[in-house]
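Trainee: From first to last, the protein sequence lines are chains Y and F. Okay, so the first sequence: first residue is 10 according to the working numbering, each after it adds one. Okay, so the second sequence: first residue is 20 according to the working numbering, each after it adds one.
Worth flagging that the hints you see were computed from the coordinates, not collected in a lab. It cannot be assumed that every hint is accurate.
[Said to hold, decoys possible] Result set (DMTMM-like, lysine to aspartate or glutamate): computed pairs, CA atoms no more than 20 Å apart in a straight line:
| id | chain 1 | residue 1 | chain 2 | residue 2 |
| --- | --- | --- | --- | --- |
| 1 | Y | 67 | F | 29 |
| 2 | F | 311 | F | 135 |
| 3 | F | 166 | F | 29 |
| 4 | Y | 66 | F | 322 |
| 5 | F | 261 | F | 761 |
| 6 | F | 166 | F | 322 |
Here is what each chain is made of, one letter per residue.
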Amino acid sequence: MPAGPPPIGEFEQMVLLAVLQRKDDAYGVTIHEELARHTRRPVARGAVYMTLDRLEKKGLLTSTRSEPTAERGGRAKRCYGLTKPAVQALKGSRRTLLSLWAGLEPLLEK
Amino acid sequence: MRTVLAWLTDAALADSILGDLEEGRRRRGILWFWSAVSGVAGYAAWARVTDLISGGGGGMRRLGGDARQAIRVLRRRPGFALSTIFLLALGIGANAAVFSVVHAVLLRPLPYAEPDRLVFVWGRLDTYPGNRHSILTGNHAAAIKTKAATLESFALVRSWQTGLDTQVDLATPDGAERLRGAAVTANFFDLLGARATRGRTFSSGDIDAPLVVISDGLWRRRFGADPAIAGRTVMLTAGRAKRATSPYTIVGVLAPDFRFSYPRDTDIYLLLPWAGIRANNALEFQLVARLKSGASVYQAQTELRAIAKDQVRASYRMTGAAPEAEVQKAGMLVEPVTDHLQAEARPGVLLLAAVAGLVLLIACVNLGLLLLSRAVDRRGELGLRAALGAGAWRIVAQLAIESAVLSLAGGLAGLATVAVAMPAIRALMPPIVPRVDQIGVDPMVLAFAGALMLLTTAVCGIGPAWIVLRRDLLDEVRRAPASSTGDRAILLSRRLIVSVQVAVVVLLLVGASLLLRSFWRLQQIDLGYTAGDVVTMEMRLLDARFRGPGRIASFQDNLLARVRAVPGVARAGLTTAVPMRGVDFVYSVGAKDGSRHAGNMRSVDPEYFRVMRLSLRAGRFLDSGDTATSEPVAVVSESYGRLHFGSESPLGRVLALEPDARIVGVVGDVRYADVTRDPYPAFYLPASQHPVDLICLVVEPQPGALAAVVSGLRAAAQSVDPDQPVEGLTTIRQLVSQSTADRRFYAVTAGAFASVALVLAIAGIFGVVSRTVSERRRELAIRVALGAEPRRLMRLVYGYGLIPAAAGTLAGLAAAYAGSRLLRGFLFEIAPTDAATFAGAAVTVLAVTALACYLPARRTLRVQPMTVLKSD
């Protein structure tokens, strides 16, 4: 099997997109806000953190740590960014979805 | 919380998560924060469990598949899964918590090299019966040095606990601080295998120089963890007869885990020159030695005893043979350092471990009941699997994995609770327990919890597996499951389980009520003085500037005047001893008839009696008319008066002191050394006539002014003499409460564990009886149809619970009786076989069992025979 980007699930895809949306300001709090805003339903914080951790282990995310601040009780912020394989994986899944959707819009608008 | 999260994820991720949530806390408050933290922790725990299960490949894959299947099965019955997880969390959590204490206090090796070979050697002086740990003289040390072959090496110590010369004053910006010091011979640190984190410890090249090694705690507290501390010079005041302030060089800082005294650490170590230890009896030391490799404590004990006897014989060499009685009495005591440090805490900690073990047993028994019932329900399902070709062992494996998943979830929940509760557990420990700071969830505790999880998996898996292997499962498919009226073996095992459970609960209840009643009696005891909010503070005037006639007296007068001027002070007095704290002078005083009697001598001022609320039995208290120049007088306690004068009144009689003192009053006895021990005889002399360099203030605040007095007292003392250190600022209430803290702790924990056990047992018995009633509803229906009286039916149902409970109660009482002597040391004024306590426990358990049977019994009255029989 050729070594492509690792397969990603639906929630993982949403998390990756939320990271992209927040550009330079993607960390736990903002990613969670972004997801809640777009999905319009409550999102479990724990799920977001565990997914971020898993995506990093899969090599789809990188993280950098900022300086600790008093506002955060002296703790560092962990900011996330996408890796190349992640971008490839997102492109691939977008392509698949679009081709599956092709010609189906009128059917759903009925 | 960070520990739990770090354990579930990793440290860096935990930090960033907590940082994120901290941001939210500022906007949304603390409640939001805690619910968010627990949400994330719960999710992380779940992710970890599923990771563990699905992880690995090859042979692990089937295990993963079985585990996922087990999780699916358990999720279909969330009530069952949650109650088993709760039971396991309780049992494993309680035991992990107690094990963390046992490990830190008893099992973890002391912070020394090869601690098993380290011993203390004490001089056994039979003149003080009961005092096993009397210190050694220079004579002993000299003899050991030349003759002992079982000791590889030894070091001598003069510590702050035994001598005043090693109480060292360090000048600081907030006034002088009195440090706990120890003078040690140069080989002390090498002998113990202690290392320095900065600089060095003493070496054999240090002969006699003003050098000190400091503890990690002092280095951080007073020197701001200065990295360049080694070589720094500080001014210290030390010594007794020639107490003086002089420069000392700090050569090093000890590792943070090094401790030589518990519960309070030694701050500073001075050099004790070997040349100062002459073969004489005037200097006293603690001796710590390393046994030669292969030598036993017993061999060392035998050898040192012989050396001590030889010494006595040698001392009579000039005058003839030594009296046999003197030789008999001579000896030395060899005690492993580990034993010495743990002796006080060991019985209590082991008691806790036993109690927690019993709670785990009850939790396991309850779990066994749950799983047994469930296995019975699932016989049909398991039979179907067997019919589809699954071998018996395959099914057993599936059941074992189900209980493993339950154990894992329960164990993790228990451990998480323990980790969160850890600060509270440390705070609960009474002062006699050493090394409390090391109690924590460490790898050993995790391993112990892991072992418990395996054990519960095995225990809980056995019940269902037994059913699988015992009978042909295919039979189960042929039988309609609803027709099961419970087979005999299952009924019997249920009864046995109820009996075991009740027996354990009775045992726990008896133990806990004995401890609680003891503690209650301890609280009711008349101490002879107030145990209220009297503030106390101590000063030892060691400095040379206090020597000379009238100097201590004028310091006392000044101090009292300043203290009485502190806002909120109602009354203030002086004494040389406060209750429940170390120093209380013992003097042996002669009466005119030549007899001598020992008693506590306390030098006090007139207000002392009123502040401490001692009761006057005859004559008068001391008063302001008793001055340095007036007639010498004394007040005696009732028991001291009886010792000297029998049934005659001591008033007007004379105590042979320097000078003779006429007794002017008799006061009630006080329990000063230990609440549990009978009061020791005492006499009181006016501080104006007998000034002593130890000054303990006792101050009664006005109502509501306690905090103001506590904060004003130190300043008042320092305004009299800023260079005089002040120690032990506390209240009598706290001192008395601390002195019984260990008993309170054991009583409260045992009581809590027993209550939990009782609740679990009620739930267990209720479950068994309800289950039996529903399984036998066909039989009950037939009985109703045949005209059985409702009352008889109720009696039958009560029998399901009460008969095995009665058997269990008897077994529990027998076990409590057999084990009663183990509790003796923890009890106060109550016999370990107290009949009322035994009867109370039995009645409670039987009443509770009857209560647990009530609902199921009521249900039988509503049995509609036709409905039941038709439905089958």
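Trainee: Confirm or reject each hint.
Mentor: Quick rundown of the hints versus the structure:
Among the hinted pairs, residue 67 (chain Y) with residue 29 (chain F) is consistent with the structure: their alpha-carbon atoms are about 16 Å apart, no more than 20 Å. Our distance criterion of 20 Å between C-alpha atoms is met by residue 311 (chain F) and residue 135 (chain F), whose separation comes to about 11 Å. Between the alpha carbons of residue 166 (chain F) and residue 29 (chain F) the distance comes to roughly 58 Å, so the proposed pair goes past 20 Å and is violated. Of the pairs offered as hints, the one joining residue 66 (chain Y) and residue 322 (chain F) is violated, with about 65 Å between alpha carbons and a cut-off of 20 Å exceeded.
Taken as a hint, the residue 261 (chain F) and residue 761 (chain F) pair is broken in the structure, with Cα atoms around 40 Å apart against an allowance of 20 Å. A C-alpha spacing of about 9 Å is found between residue 166 (chain F) and residue 322 (chain F), which places the hinted pair at or below 20 Å, so the restraint holds.
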